[in-house]
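Residue numbers (this note's numbering), protein chains in the order written: chain A, 1 to 107; chain B, 1001 to 1122.
Derived from the structure by calculation, the hints contain no laboratory data.
Take the hints with a grain of salt, since some may be wrong.
Simulated coverage check for chain A against chain B, where a stretch passes if three residues somewhere in it have a Cβ under 8 Å from a Cβ of chain B [said to hold, decoys possible]:
1. 48-60
2. 78-91
3. 95-102
From a predicted model like this one, the values you see are computed outputs, not experimental measurements.
All residues carry an ideal CB built from backbone N, CA and C; glycine is no exception.
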Amino acid sequence: DIQMTQSPSSLSASVGDRVTITCRASQSISTYLNWYQQKPGEAPNLLIYTASTLQTGAPSRFSGRGSGTDFTLTISSLQPEDFATYFCQQSYRKPDTFGQGTKLEIK
Amino acid sequence: EVQLVESGGGLVQPGGSLRLSCEASGFTFNRHWMSWVRQAPGKGLEWVANINRDGSAKEYVDSVRGRFTISRDNAENSLYLQMNSLRAEDTAVYYCARDLGLASPGTEFDSWGQGTLVTVSS
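Let the sequences and hints guide you as you build the complete structure.
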C-alpha cells in the first residue's frame, strides 16, 4: 500500500497567519492527491482535488501544490473557522490511503 | 442538495454481523461510484470498499476482504455494507461517500454522510 505521511501532526497558529501543511507519498502518485478538512463530530469535507483544484464552494484562501511524492496545502490567511484537522488522500492506486492528519489549533 | 444518510450501526459482539445502509438523495445516484470510509475513535480515515455505477465492480481493503460486502440498489438510491465476522478492530464510524465523478481514474470524495457508529465488543 502507498503510505501517506503528513507534517506536522499538529500546528498552533493565529488568525491571519499563513500556514502550510505537507503530505509525502511513499511512491510517486502523479497528482492523484486530495485534501479534506474535518471538524470535531463532522464528516470530512473535500477542499482540494487532483493536488491543486479548488473544490466548488471552498474558500480561495486554500491552495494546493505538488506532484509525484511531495504536496502542500496552504491557507493564505487563517480564519477562525479553519481550525480543524486536515487529511491528505491518495487515489493513484487502491487501496486509497490517507495521511494521519494535521490538527490545526489556535495559538 | 446532495444528501447521504447512513443507518444500521450499533453494538455487536465479536464474530457478529451488521448491515449498514446509506440512502442517497439530491443527485442521480447511478452516475456515481460510491465508497465506504471508516474512522476509528480518535483516529484517521481508512477507505474500506467501493462499487462502480452499476454494481458490477467492487474493491476492498485487505483487512475486510472476504468479511464485508458492498452493494447498491440504484432503484432505491441506496448503498449497503454487509459486515460479517466482525472484530474489535472494526469499531469505527462508517461513512458513505460519493465519488466526484471526474473523467480521470482517481477517487475524490465530494459528499459524505454523517456517519454511523459500529462498536464491536463483548
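Evaluation of the provided hints:
1. 48-60: It holds: at least three residues are needed, and the segment 48-60 of chain A offers 3 whose Cβ sits within less than 8 Å of chain B.
2. 78-91: holds (count 3)
3. 95-102: holds (count 7)
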